[in-house]
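Protein sequences appear in the order of chains Y and X. Under the working numbering, the first sequence has 68 at position 68, and the numbering climbs by one with no breaks. Under the working numbering, the second sequence has 75 at position 75, and the numbering climbs by one with no breaks.
Calculated directly from the structure, the hints in this document are not laboratory data. Take these hints with a grain of salt, some might be off.
Distance ranges between label pairs, derived from CB positions [claimed, not checked]:
hint	chain 1	residue 1	chain 2	residue 2	range
1	X	Lys-41	Y	Pro-7	14 to 20 angstroms
2	X	Met-20	Y	Ala-83	40 to 46 angstroms
3	X	Leu-121	Y	Ala-49	35 to 41 angstroms
4	X	Arg-8	Y	Arg-93	49 to 55 angstroms
5	Y	Lys-51	X	Ser-35	28 to 34 angstroms
6	Y	Pro-9	X	Gly-50	16 to 22 angstroms
7	X	Met-150	Y	Asp-38	18 to 24 angstroms
8	X	Phe-5	Y	Arg-93	23 to 29 angstroms
9	Y	Asp-139	X	Ala-83	31 to 37 angstroms
10	X	Pro-59	Y	Arg-95	21 to 27 angstroms
11	X	Leu-36	Y	Pro-59	31 to 37 angstroms
12	X	Leu-121	Y	Lys-51	38 to 44 angstroms
Residues of chain Y placed beyond 12 angstroms of chain X at every Cβ, according to the derived structure [as the list claims (entries may be wrong)]:
hint	residue
13	Thr-6
14	Pro-52
15	Arg-85
16	Ala-122
17	Asp-139
Here a beta-carbon is modelled for each residue, glycine too, at the ideal position from N, C-alpha and C.
What follows is each chain in one-letter form.
2 protein chains.
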Amino acid sequence: MTDRFTPRPGEVQLDAPLSMQAEITFIGHIESDWSLEDCPKNIAQAREAGKPAHLHIAPLFRAGLEGISQGDALVLLYWMDRAPRDLIRQMPRHRDSATGTFNLRSPARPNPIGMGVVRVLALDMAAGRITIDAIDAIDGTPLVDIKPHMPRADHLPA
Amino acid sequence: MTDRFTPRPGEVQLDAPLSMQAEITFIGHIESDWSLEDCPKNIAQAREAGKPAHLHIAPLFRAGLEGISQGDALVLLYWMDRAPRDLIRQMPRHRDSATGTFNLRSPARPNPIGMGVVRVLALDMAAGRITIDAIDAIDGTPLVDIKPHMPRADHLPA
């Protein structure tokens, strides 16, 4: 979308094309109630909206779900490629001043990988379908990875 | 490394080649004290080892660090490509039985993206160098993303 993108005051785009060095295979996609217009800005907002979503895992990868259970906490990585990848300094609407892309959770980043911690509400292993409590991703967003959430690793010691 | 890889009993490799659908640009790399032989198995172990590490951000991407400060908590995504990507059921040494790849934090996964929550100990913005408290990645691991860690998003409600 970079061609159609107009930076806001204070925003900076990279002055060089990105060179690509590794490849991603999508393991499935997210089915959600959200479009670009109404998608929650972060997963805390998504949880407040109270709309469950579904992960659909491609047949090739379904064996990888073994051991996941109802009630588990998962870390999801997903590919949010509707934003420019070359915006290195940004002015989100909720801020008074621009700041670096790596100081923001914006989907506009060199590698547009979103991360969300979610709860498993239901599973249908044969269909490769996992129902989760909430997600801040639009319907059809490609899924990159599923990991078990581990508080001992994923929370910082006080 | 898939060609040289020998599965353990109970492990399953995909029976089809992975098709790639998106591209990653590395934003820099991790400098750590770890090799494949002695790397901690997870970031909780890495924190116990008490060895700081450094992030080196490529010049093109350094403007994206603006706003990051000493003491900040960051989520890092990094590319752990020394493991097979087609292992869909695995038998880690710490387990009694094999389980699905998406039920494990193993680097062997379709998209070998590791995730670690770290603390910023020091920054040299001009040099693109961030010193962090710990990391479970070998020296030279490519860096994919840096995000601010946000407990309201990244911890699950009880």
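Now for the hints, and whether the structure bears them out:
| no. | hint | verdict |
| --- | --- | --- |
| 1 | Lys-41/X / Pro-7/Y: 14 to 20 angstroms | violated (43 angstroms) |
| 2 | Met-20/X / Ala-83/Y: 40 to 46 angstroms | violated (21 angstroms) |
| 3 | Leu-121/X / Ala-49/Y: 35 to 41 angstroms | holds (37 angstroms) |
| 4 | Arg-8/X / Arg-93/Y: 49 to 55 angstroms | holds (51 angstroms) |
| 5 | Lys-51/Y / Ser-35/X: 28 to 34 angstroms | violated (46 angstroms) |
| 6 | Pro-9/Y / Gly-50/X: 16 to 22 angstroms | violated (44 angstroms) |
| 7 | Met-150/X / Asp-38/Y: 18 to 24 angstroms | holds (21 angstroms) |
| 8 | Phe-5/X / Arg-93/Y: 23 to 29 angstroms | violated (48 angstroms) |
| 9 | Asp-139/Y / Ala-83/X: 31 to 37 angstroms | holds (32 angstroms) |
| 10 | Pro-59/X / Arg-95/Y: 21 to 27 angstroms | holds (25 angstroms) |
| 11 | Leu-36/X / Pro-59/Y: 31 to 37 angstroms | holds (33 angstroms) |
| 12 | Leu-121/X / Lys-51/Y: 38 to 44 angstroms | holds (40 angstroms) |
| 13 | Thr-6 | holds (19 angstroms) |
| 14 | Pro-52 | holds (15 angstroms) |
| 15 | Arg-85 | violated (8 angstroms) |
| 16 | Ala-122 | holds (16 angstroms) |
| 17 | Asp-139 | holds (18 angstroms) |
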